[in-house]
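Visitor: In case you want the letters, here they are:
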Amino acid sequence: MLSVNHLLGIKYLKKDDIDLILKTADTFLDVINRPIKKVPSLRDTTIVNLFFENSTRTRLSFELAEKRLSADVLNFTASSSSVSKGETLIDTVNNILAMKVDMVVMRHPMPGAAHFLSQRVKSKIVNAGDGAHEHPTQALLDAFSIRRKLGEVAGKKVLIVGDILHSRVALSNIFCLQKLGAEVMVCGPPTLIPKYLHTLGVKVEYDLKKALLWCDVANMLRIQLERQDIKYFPSLREYTHLYGLNKDILDSLEKPIVIMHPGPINRGVEITSEVADSEHAIILDQVENGVAVRMAVLYLLANRPDVV
Amino acid sequence: MIDNFTLFKQVTICDPKSAWHNQKCDVLTNAQEIIEISKEINAQDYKTIVLEDAIISPGIFDLQVNCGAPFDAEKESFQSLSNAAISAGITDCLLMSHLNIPVDNNAQVEFLKNSTSFLPLNFHIAGTISSHLKGNDLANLNEMVMSGCVAFSDNKEKIQKSNLLHLALQYNKLTQKLLMIHAEDASFSLGGQINEGVINVQLGIKGIPNIAEELGVVKSIYLSKYHDELLFINGISTEGSVNLIREAKKQGIKIACSIYGYQLKLTEQDLLDFNSYLKVTPPLRTEKDRIAIIEGLIDGTIDVICSGHQPENNETKEVEFEIASYGMATIENLWSLSLILMDNQCELATIIEKLCHEPRRLLNLPENTINKGNLPSFFVHTLNKNNSFKKSKAKSKAVNNPFFESELKGFIYGTYTKGEWFENNN
Numbered sequence: 396m397l398s399v400n401h402l403l404g405i406k407y408l409k410k411d412d413i414d415l416i417l418k419t420a421d422t423f424l425d426v427i428n429r430p431i432k433k434v435p436s437l438r439d440t441t442i443v444n445l446f447f448e449n450s451t452r453t454r455l456s457f458e459l460a461e462k463r464l465s466a467d468v469l470n471f472t473a474s475s476s477s478v479s480k481g482e483t484l485i486d487t488v489n490n491i492l493a494m495k496v497d498m499v500v501m502r503h504p505m506p507g508a509a510h511f512l513s514q515r516v517k518s519k520i521v522n523a524g525d526g527a528h529e530h531p532t533q534a535l536l537d538a539f540s541i542r543r544k545l546g547e548v549a550g551k552k553v554l555i556v557g558d559i560l561h562s563r564v565a566l567s568n569i570f571c572l573q574k575l576g577a578e579v580m581v582c583g584p585p586t587l588i589p590k591y592l593h594t595l596g597v598k599v600e601y602d603l604k605k606a607l608l609w610c611d612v613a614n615m616l617r618i619q620l621e622r623q624d625i626k627y628f629p630s631l632r633e634y635t636h637l638y639g640l641n642k643d644i645l646d647s648l649e650k651p652i653v654i655m656h657p658g659p660i661n662r663g664v665e666i667t668s669e670v671a672d673s674e675h676a677i678i679l680d681q682v683e684n685g686v687a688v689r690m691a692v693l694y695l696l697a698n699r700p701d702v703v
Numbered sequence: 141m142i143d144n145f146t147l148f149k150q151v152t153i154c155d156p157k158s159a160w161h162n163q164k165c166d167v168l169t170n171a172q173e174i175i176e177i178s179k180e181i182n183a184q185d186y187k188t189i190v191l192e193d194a195i196i197s198p199g200i201f202d203l204q205v206n207c208g209a210p211f212d213a214e215k216e217s218f219q220s221l222s223n224a225a226i227s228a229g230i231t232d233c234l235l236m237s238h239l240n241i242p243v244d245n246n247a248q249v250e251f252l253k254n255s256t257s258f259l260p261l262n263f264h265i266a267g268t269i270s271s272h273l274k275g276n277d278l279a280n281l282n283e284m285v286m287s288g289c290v291a292f293s294d295n296k297e298k299i300q301k302s303n304l305l306h307l308a309l310q311y312n313k314l315t316q317k318l319l320m321i322h323a324e325d326a327s328f329s330l331g332g333q334i335n336e337g338v339i340n341v342q343l344g345i346k347g348i349p350n351i352a353e354e355l356g357v358v359k360s361i362y363l364s365k366y367h368d369e370l371l372f373i374n375g376i377s378t379e380g381s382v383n384l385i386r387e388a389k390k391q392g393i394k395i396a397c398s399i400y401g402y403q404l405k406l407t408e409q410d411l412l413d414f415n416s417y418l419k420v421t422p423p424l425r426t427e428k429d430r431i432a433i434i435e436g437l438i439d440g441t442i443d444v445i446c447s448g449h450q451p452e453n454n455e456t457k458e459v460e461f462e463i464a465s466y467g468m469a470t471i472e473n474l475w476s477l478s479l480i481l482m483d484n485q486c487e488l489a490t491i492i493e494k495l496c497h498e499p500r501r502l503l504n505l506p507e508n509t510i511n512k513g514n515l516p517s518f519f520v521h522t523l524n525k526n527n528s529f530k531k532s533k534a535k536s537k538a539v540n541n542p543f544f545e546s547e548l549k550g551f552i553y554g555t556y557t558k559g560e561w562f563e564n565n566n
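Chains S and C are the protein sequences, given in the same order. Numbered per the numbering used here, the first sequence spans residues 396 to 703. Numbered per the numbering used here, the second sequence spans residues 141 to 566.
Mixed in with the good hints there might be a few duds.
[Claimed, not checked] Subject to a maximum C-alpha distance of 30 angstroms in a straight line, what follows is the list of computed DSS-like cross-link-like pairs (lysine-lysine): (1) K626(S) x K298(C); (2) K298(C) x K590(S); (3) K512(C) x K406(S); (4) K405(C) x K428(C); (5) K405(C) x K512(C); (6) K530(C) x K157(C); (7) K406(S) x K418(S); (8) K590(S) x K530(C).
Calculated directly from the structure, the hints in this document are not laboratory data.
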């Protein structure tokens, strides 16, 4: 059983929780590859997907995971809701819960929003991304994907490249990979790496080639221009020149590394098509694994007996 | 029984400016003056108050207080603020300009004085430095002084234009009132909400680096030196700021500063669960900064401890951290929080200086001391009892006090001011 009532972030999980989720996801990955991809595990459970921020991949992945588990699913987007009329988050959620909804999957632009909600409403909460705080299911599916590709996560060297400052994926990955025994390095423009990131025990490298030579896995992040209030680097052209992953660099490493990307990809910016579509990339495996991991999370949380 | 005479039996006077400092005495007072202080006064004809292990100290002057009223009286009315302050041993406060209704003209100053004059708490009014709190042009400084304004501050709005401060310091040669600023280079803190450090990295909340404040402090020191005029910095928060001000004072530069009581207890570590009640500006910093602040208070670098009382309601605080209002409403805890200094070998007399005497000195107001013939304005307290601070018993209307349901140091028996004894219940 999980030690938590909600999935708010990886930092609130124990290693045993992560192991349990990944082990359960193995089972669900088998399930979704069968001709009949559906199990009745969450029949009579109603889950609402509250998305206060744009999302395609994560929302679809959650929705599919819920449907594969036979849950009843409600979808909610902020632009078509009372939020645009000034309703508070708590009121919005309590109104939905009054319709006898059992679980809430929420994406929100503000750090801590899922944590805030979990302390104020009577429901199990799954954080589907909260500002630059955490994106726990992404980190779990990334760890799951590494494990499936390389056998295990412990002892592996994982590099995260790009906009670390604004990335909830980076933070959740750091927590998750470290808990599973991997070493983590980040690489990107100094202006996009928080000054105190080293306090989390990660290595920091500004030279992409050196970082790539160090790693077994490179997770290429998207530059999140929509979150940047100022220009943190001169131009995308210069960024690509310094931190874009192309075939030439990859070939020069003279060793195979696994290429990951949480999506959506900006082809030609952080990664070229040649690399994204190469045998080294497991980007579409990540997407597939995401459904299994989210099924595992929902299944395990729904089966916890109570909400305190 | 002689009307209006009150006798405090066997109280220890803690007031470094009193001839009776550290002595156990009887104190007889009426509304107008302290009639007598002596080792023993015959009690039979007076209303007599006997309290266990009681200490009597001059009323606290809270040098930075915000009120909801008149714009947001549901957050805090003048009456509730007065009740809260009096229960906390505070007899005087400097009321900062409301952010929605800038106090930048004589009418506003007079309105506030008239609205508060009947209350037990003495409200002293700070006008704004800039017109409409916009940070562009000088407000009507002299006009406000004529109406009774005792200081100028743009409150928590950070004046970014150095030239405006330059002009204010020049013009203040006419008005000679305390100029108070928040030292922060806002261009460094853009979008930041908590301290830049180990916690902001973990929470994914943008950080405000120490140097945002320290650049503001450097600018203030240089401006003060250039004009040879006193400049007061509200609520410094970093070790670097303490060091800068210490060095400036050694050079004889006329710089002074305050900290907020809650900074003696709370650090960024307390923010780990996204508690929006702890969202303040400047942000809660590190334990190292907290220790530096304590050292700065003890060695005289920091002049004043104030509450920075900023009342808010559920609608502005019980929301996601990013959109929650800044501020804490801890006027009722100022004394208890200040007593934390005693854990660091700080004398009680030093705390009294920071809370009672320094604010008056900086504002050029008459001293308030416990001596025969002086106007009685004091509070009676004990160090041998704690204060169980409960929300249900709080006098302030504000909800944003993180110390509700806490056991805090020291207990205030009551406050004597304007001829009345306001006694606190247990």
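Visitor: Any hints this thing doesn't respect? Which numbers, in order?
Guide: 3, 5, 6 and 8
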